[in-house]
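Participant: One-letter residues, chain by chain:
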Amino acid sequence: MATMLQFPSSVSTLNDYNALYPDWTQREVSTGTTIMAVEFDGGVVMGADSRTTTGAYIANRVTDKLTPIHERIFCCRSGSAADTQAIADAVTYQLGFHSIELDEAPLVQTAASLFRDMCYRYREELMAGIIVAGWDRRRGGQVYTVPVGGMMTRQPVSVGGSGSSYIYGFVDSNYKPAMSKEECLKFTAEALTLAMERDGSSGGVVRLAVISEQGVERQVILGNQLPKFSTV
Amino acid sequence: SAPAVKQKGVDTVRYEGGVVIGSDSRASKEYVSSRMFCCMAGSLADAQAVTNAVIHQLSFHSMQMEEPPLVKSAAAIMRSFCYTHQDELSARFIMAGWDHINGPQVFTVSLGGIILEQEFTVGGSGSSFIYGYADAKFKPGMTREECLTSTTNALTLAMDRDNVSGVIVHLAIVTEKGAERQLIPGNKLPVLQRLA
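Protein chains in written order, with full-length UniProt numbering: chain A, 1 to 232; chain B, 1 to 196.
Looking at chain A on its own, in the form it has when it is part of the complex:
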């Protein structure tokens, strides 16, 4: 940020200079977040919250964390906003090139592998947790998770981001194999709402995307329309 005179906290000054500059000028932009993706027969449902924070300030309360990589492949981003945007841009370029060479739509696994290669190679510099999901002709709807560190694995349902720890129990108990598209949408919306209630870094609206052979359908669930759980 602009030139700032900043003393390390071990140095005591007559005035507290660090307090003159608000918290958000000194913090990196983070998508501390909750992201989720579920496979169903015929496609995938992806969901994310919409909060981007710089320290205690919410830099963007209506962020779109569901980023298109190709026509039927999206990724959900969590971690450092800068890192994930840069990686997504690079992978979009690489995948587009690859798709032209092949002269057909790329596989979701290819996209996930590209993410994994980048996240693993630069693991020391990056802070990115990504869920790649989409539909292709060979294997239908698929969800791959590429968490911090650069591993890649396919899962029928995957959650990520800082808010995800609060919903592991809910997701474990409520996921059933062979759910329909509507059930997946409801399940994702409920899980994200519960995480947003508990995690300070997640909030705003719930953004959903359904990817199938027919294409991509996007939805937004606004704050007052979120599912309600009885609060005590």
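There are no misleading hints in this set.
Derived lysine-lysine pairs resembling PhoX-like cross-links, with alpha carbons at most 25 Å apart: (1) Lys139(B) <-> Lys176(A); (2) Lys72(B) <-> Lys177(B); (3) Lys177(B) <-> Lys29(B); (4) Lys29(B) <-> Lys72(B); (5) Lys228(A) <-> Lys186(A); (6) Lys176(A) <-> Lys186(A); (7) Lys188(B) <-> Lys29(B); (8) Lys72(B) <-> Lys139(B); (9) Lys139(B) <-> Lys186(A); (10) Lys228(A) <-> Lys139(B); (11) Lys228(A) <-> Lys181(A); (12) Lys176(A) <-> Lys188(B).
In short, the hints are calculated from the structure, not lab data.
The hints should help you fit chain B onto chain A, whose structure is shown.
Facilitator: Here is chain B on its own, set in the frame of chain A:
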């Protein structure tokens, strides 16, 4: 700071006639009085020292009042310890039980000395995984059986995800009549995960 003995899953919920307190095998549930239990999380050394001091002070208080102690008295004594020594302690407690004035109550006394009465609460290292489940499942006005099932399910889910929580579920049900304990061994736990 003191190395916290990394904790376990603890889950406590109140229903019309009593309180259900669940914990996994590694968590500590301390018997405070005939109708009160205290669950500890965090640095166990700190937690045990505080709990012993509280039980000591509570028994004197109860003798002076000439009646069984109230849950909120126990929680208040615990809170004053945690607040006075907040810089040295790193422990978190759930004080739950039944008394003749206010019926079943659940209090959580946290780091720094905050006291909160709640309908249900979760604690320990495995608790972060079940906040979502607990928020969705626990409603006011549940019956005893619903409380028992939900508590067991919540603990099972936490033990499935948390590598330092495990194996069996201890339940204590405290009502006007006293405390009843149950133990559910690992092979009898509900199977909730359908992810292969």
